[in-house]
Amino acid sequence: DTGVSQDPRHKITKRGQNVTFRCDPISEHNRLYWYRQTLGQGPEFLTYFQNEAQLEKSRLLSDRFSAERPKGSFSTLEIQRTEQGDSAMYLCASSLDRGYTFGSGTRLTVV
Amino acid sequence: AQRVTQPEKLLSVFKGAPVELKCNYSYSGSPELFWYVQYSRQRLQLLLRHISRESIKGFTADLNKGETSFHLKKPFAQEEDSAMYYCALNYGGATNKLIFGTGTLLAVQP
Numbered sequence: 001d002t003g004v005s006q007d008p009r010h011k012i013t014k015r016g017q018n019v020t021f022r023c024d025p026i027s028e029h030n031r032l033y034w035y036r037q038t039l040g041q042g043p044e045f046l047t048y049f050q051n052e053a054q055l056e057k058s059r060l061l062s063d064r065f066s067a068e069r070p071k072g073s074f075s076t077l078e079i080q081r082t083e084q085g086d087s088a089m090y091l092c093a094s095s096l097d098r099g100y101t102f103g104s105g106t107r108l109t110v111v
Numbered sequence: 001a002q003r004v005t006q007p008e009k010l011l012s013v014f015k016g017a018p019v020e021l022k023c024n025y026s027y028s029g030s031p032e033l034f035w036y037v038q039y040s041r042q043r044l045q046l047l048l049r050h051i052s053r054e055s056i057k058g059f060t061a062d063l064n065k066g067e068t069s070f071h072l073k074k075p076f077a078q079e080e081d082s083a084m085y086y087c088a089l090n091y092g093g094a095t096n097k098l099i100f101g102t103g104t105l106l107a108v109q110p
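If you read the sequences in order, they're chains A and B. In terms of our numbering, the first sequence opens at residue 1 and continues consecutively. In terms of our numbering, the second sequence opens at residue 1 and continues consecutively.
These aren't lab readings, by the way, just hints derived from the structure by calculation. Small disclaimer: the values here were computed from a predicted structure and weren't measured.
Label-pair restraints from in silico Cβ distances:
{"id": "1", "chain 1": "B", "residue 1": "T5", "chain 2": "A", "residue 2": "D63", "range": "30 to 38 Å"}
{"id": "2", "chain 1": "B", "residue 1": "K15", "chain 2": "A", "residue 2": "T20", "range": "43 to 51 Å"}
{"id": "3", "chain 1": "B", "residue 1": "K15", "chain 2": "A", "residue 2": "S62", "range": "42 to 50 Å"}
{"id": "4", "chain 1": "B", "residue 1": "R41", "chain 2": "A", "residue 2": "T76", "range": "23 to 31 Å"}
{"id": "5", "chain 1": "A", "residue 1": "S62", "chain 2": "B", "residue 2": "F76", "range": "42 to 50 Å"}
{"id": "6", "chain 1": "A", "residue 1": "K14", "chain 2": "B", "residue 2": "S28", "range": "37 to 45 Å"}
Partial pick of chain B residues on the chain A-facing surface, computed with a CB cut under 8 Å:
{"id": "7", "residue": "Q45"}
{"id": "8", "residue": "R49"}
{"id": "9", "residue": "I51"}
{"id": "10", "residue": "N96"}
{"id": "11", "residue": "G101"}
Ideal Cβ placement from N, Cα and C applies to all residues, glycine included.
Using the sequences plus the hints, can you model the full thing?
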């Protein structure tokens, strides 16, 4: 197990297009988190899964955002009708107890 | 509302000098605090958590509830300590969701 993997590493998309990111957590971790980080800021919580159940969503997560974690394994984060304000680093983290293991992130640029 | 404040964007010290990275928090519940570190071209990783009361890579952090602070300290800085440091607060209880500060870039000069 090489840790938390995120794909793709970079994504450039045109405004209005849909994008999907994937996160593969550490296999024995039942908790999975998505965060968003913009320049000069710390990561901001977006959503949380325990196994396959999405238990919490931030108000930052508008209706254009949707996340899934089928069968409690990998997770996907989809953004529909992207806007320039969606440009950010999207981080995935998994956890078994209190500390997170982060992935390298997906950097999204909306042009 | 919960908040984590790291007042310094950049802290520059010379090798061998003491380091203190400041973190203040605002939270109505019982705080659970962490320090995460991001070295150049690496992913964000957990450095230490206050519950463990541990020392990692020579760094320590003590929770001071009276001053609502969780400053990160190291008596003698090394060049390899240069990185971005984030203080984080668990504000989600059992969900363990974190609120992060804006980070402090530590630059250790030779």
